[in-house]
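Now that you have both chains on their own, put them together as the hints suggest.
Which chain is which? The protein sequence lines are P and U, in order. Just so you know, we're using the UniProt record's numbering here: the first sequence kicks off at 1 and counts up by one. Just so you know, we're using the UniProt record's numbering here: the second sequence kicks off at 1 and counts up by one.
Derived by calculation from the structure, the hints in this document are not laboratory data. Every residue, glycine too, gets a C-beta built ideally from N, C-alpha and C. Watch out, some of these pointers could steer you wrong.
Interface residues of chain U toward chain P, partial, derived using beta-carbon atoms under 7 Å [as the list claims (entries may be wrong)]: (1) Glu184; (2) Glu187; (3) Glu190.
Stretches of chain P that chain U covers, calculated by requiring three or more beta carbons in the stretch to come under 8 Å of a beta carbon on chain U [as the list claims (entries may be wrong)]: (4) 70 to 80; (5) 99 to 107.
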Amino acid sequence: MGQITLSSVTKSFGDVTVIPPLDLRIEDGEFVVFVGPSGCGKSTLLRLIAGLEDTSSGKIAIDGTEATDLPPAKRGLAMVFQSYALYPHMSVRKNIAFPLKMAGLSPEIQAQKVEAAAKVLNLTSYLDRRPGQLSGGQRQRVAIGRAIVREPAAFLFDEPLSNLDASLRVSMRQEISELHQTLKTTMIYVTHDQVEAMTMADKIVVLQAGRIEQVGSPMELYRHPANLFVAGFIGSPKMNFITGAEAAQQGCTTLGVRPEHIDVVEGGPWQGTVGLAEHLGSDTFLKVNVAGVGDLTVRVSGERMLRHGDPVSLAPQPGKLYRFGADGKALA
Amino acid sequence: MATEHSRTAARLMVSPAVILLFLWMIVPLAMTVYFSFLRYNLLMPGMESFTGFDNYYYFLSNSAFMDALVNTLLLVGGVLVITIFGGVALALLLDQPFKGQGIVRIMVIAPFFVMPTVSALVWKNMFMNPVNGMFAHIAKTFGFQPFDFLAHAPLASIILIVAWSWLPFSTLILLTALQSLDQEQMEAAEMDGASWMNRFIYLTVPHLTRSITVVILIQTIFLLSVFAEILVTTNGGPGTASTNIPYLVYAQSLLNYDVGGGSAGGIIAVILANIVAVFLMRMIGKNLET
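Chain U with its partners taken away, still in its complex shape (with noise of 0.2 Å):
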């Protein structure tokens, strides 16, 4: 019913809002590119100059960057690897019925209410400390000496600590999906003669990958800028051992003072996320249509 009249009138009144949201998003955008060109060091105000894409080559051909992307990788890898896998686990046994159902529900999604700072520096001092820890606890019951988490596998430690705050979040997407899964396409492929086995194979790993896809292609977004984690567990260290980008542009813009490093790498890292997301997308995309 979209006359040519009303169609000007609705653009017209939608602009308001795309307008505010692309200065919103272009502004800062346009200001780091503008940065990013500029000799900028916070410990000499007033000294900028433009310095072409010198800023780019020594944050590309600086060792720490080749570090950050393979940790950054690794990061957002091991953590979807470990949600995916251990949250259709936990979702298969909370589908199933037993007493308590709802509040066990409830207290899974817990871990994601916790802010990343707080349930970082838990796992920091509560767990994996390896004097007061509890893992140390356990491993002195045991008899054996305490692993410093941090200090030696601090990349994997902060996998853990990530995948364990993301895991609730596909707990619950791939635990509604588990639940539309119509049983009577159960009943009739054990009439079929499908053990449980094939089953969860043939029926509910198909039914399952667009979800899966959704977390992926969401978790994706979120874990290429984990930073709270790195920053009051590991401060990205051992020397570079768990620096990814978003805390490798933190450390060259706010620790070295350089602004002008410091933007190239934030437009460095926008271009590297685009990268990802068009691989994903070309990857899963298809599952997302019908």
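For reference, chain P alone in the conformation it holds in the complex (with noise of 0.2 Å):
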């Protein structure tokens, strides 16, 4: 149980629109991924499904029931919060405990969902510790048993490993989707980083001020991104755009093609000079600069060893071109 529908639901902060009108439909067990720049209006989304922030206007709808003017509490959710929020006087076991005290259940059976929680999530030795003992992805941990012990219909996720070190962040990232696995409950999750959103969501919802850019699955998107904004944000790194004479040749207005997509070939259609080669051992990303195209980015193979000046010629892979019309739009 956890399917979420919004239709046409509208916040206005003022005299600011924050989310125009919007239309969402959240399947039950989904893993859903909001994703977009800061300030694309992800997390007051999330928060409007929560109960945090009221609509504006325009209908919410959880497992079917009406939720538009439901207190958070009542909506069955559960959140982790970016910062974790862990109640900083309470011990581990307290804070998950929390919600269950808060719904009246029984010591008992308080202390036994508790155990059951610290069990999943590896938190056992830590329960009489205070979240200040403890390190981030721990304190993170204690937010997500905060809100599994209380069996929620769906889990929210807000930026929750923007506080994590690179490492922990992967790591943490494989325990969520681990996580998901297990308990099949619908998930929305919040991020501006888009290999979280690639890496874990069976759809990915990208915003840009407001408003949906494209809805689905992590490589449907990669592969046929609607527009110019979903090409660019989705794959790193970026989509190379070319624009001018190059992509009217191409009948477009702007060329798209991902660095993954160009091979390094004797005799290509385009010529250039190598300005600057990353070499991250697996992967060499290449800023070869192309007269009458521009600067590109190229992967190649991390053998390669391409330096500075190096000239290179380029060939696109056939059938890995996008190409976009002058309103942005991906065209056929």
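In structure tokens:
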């Protein structure tokens, strides 16, 4: 259980419209990621679903029941905050038990559920510590534990990994994905990091200025971006955009080609010089200045030892070119 | 990086300030201790003689002493209770967004800037006076007999006056503490199903404990020596109904001209204040640890 429907939901703060009318359907058990640049309204959207903000108009339904005017506690959703929002003066055990205590469950059942949640999250040995004595990753797990015990219809995550360091972020990412596999509960996850979106989501919702730019599975968005914004946002490094004569030749205003879809070959159509080579070991990213086309980012195998100033010849892989019209929309 | 040499230099540099502060404290204290062992009455100058602990004996066995001790504790305790509860309530109100917040917040501090003597006189003459006071007018409007606050409930009236001037202090400290409460925590608790009351009990109150501790410590120090409010309103009376220890010391030394007895009382007050301080630190000092 955990199907959420938004129908023509809007939100304005005073005169500023943060979310113009928006429709979205989240299926039960889905892992949905809201992704977009900062200030695109993704957190606001999540808070509208949570009930922490009131909608200006439109309807929100959870499991088919009207929930627009329900207070947050009555919606059966659990939220993990960016700052974790743990209660600093309570032990981990009390933190996790807090929603159960508020629900008026007996102490025995509380203890039972806390133990179970702690086991799932590997927190058993930390139960009597205070949040201040835990590392960032452990705090994150406590926050998730506090969400799990309520057995909510859906989990809401508000940029939960942004305060962690890079390696911890990768492992927490996997933990959350595994948690989703085990619990099979609907999860809505807000992030500005397209890598998190690509790796975790069943369905990605790309937002810009409160508008949904595209909804789809990660590979769908990668293969068939609906417009320039999605094309540039999904994929790392960013897609190359070529305008001018080269694009006009292909019958479009902007021509897009991903760095991984450009090969360094003898006698390719684009001749250029390497401006910058970033050697990551597994891959090398080249910034190649091509006359008449501009700077292109190219991904080559990590073994290619190219340096600044080396001449290269590039060829885009056939069928991997994206064409966009003057309005930014993808051309069929 | 402090070498032995620079540490010695540092001690040398701070010593003038430390010595000055030490003398400032020790000279009056030593003189008070010295006077407290003398039979020293201002009406009989030049007749001072050593009397041992007689001054202490007379001060402690004076029936007014126990009254004053109880009054002092009641005064401190009563004002603390009013200012803490009232301060939390006012801080919660002022923390809500409303128009003219800035001006209201400044006005709330105002009573703290009014001198104790002035505020006590305003209360005495404009509010509590049984003939011309505001409270008497209100009582008469509703057909009640005006109540002579300072005659019939002198200590309670003084507690009210002192609490009024200290309320802004606790309100301000508690308000800043409230504003530092993480809003995401509140929202998390809201999601967790905590009602307004539960959020207050489980989140706000624990968050405020440290500030409340600070308010209690600071106010206790100042409230133990309340004097001006008593002097200008009740003069410690009727009888000893509103006499606290500082006022008793004043009465002993300046109304009875007994410098020796007054000094003994002063020393006793210092000892009592230290006992209170030790208890306070024991009781709530652990709240100040992280």
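> Broken hints, numbered, in rising order?
Replying inline: Violated: none.
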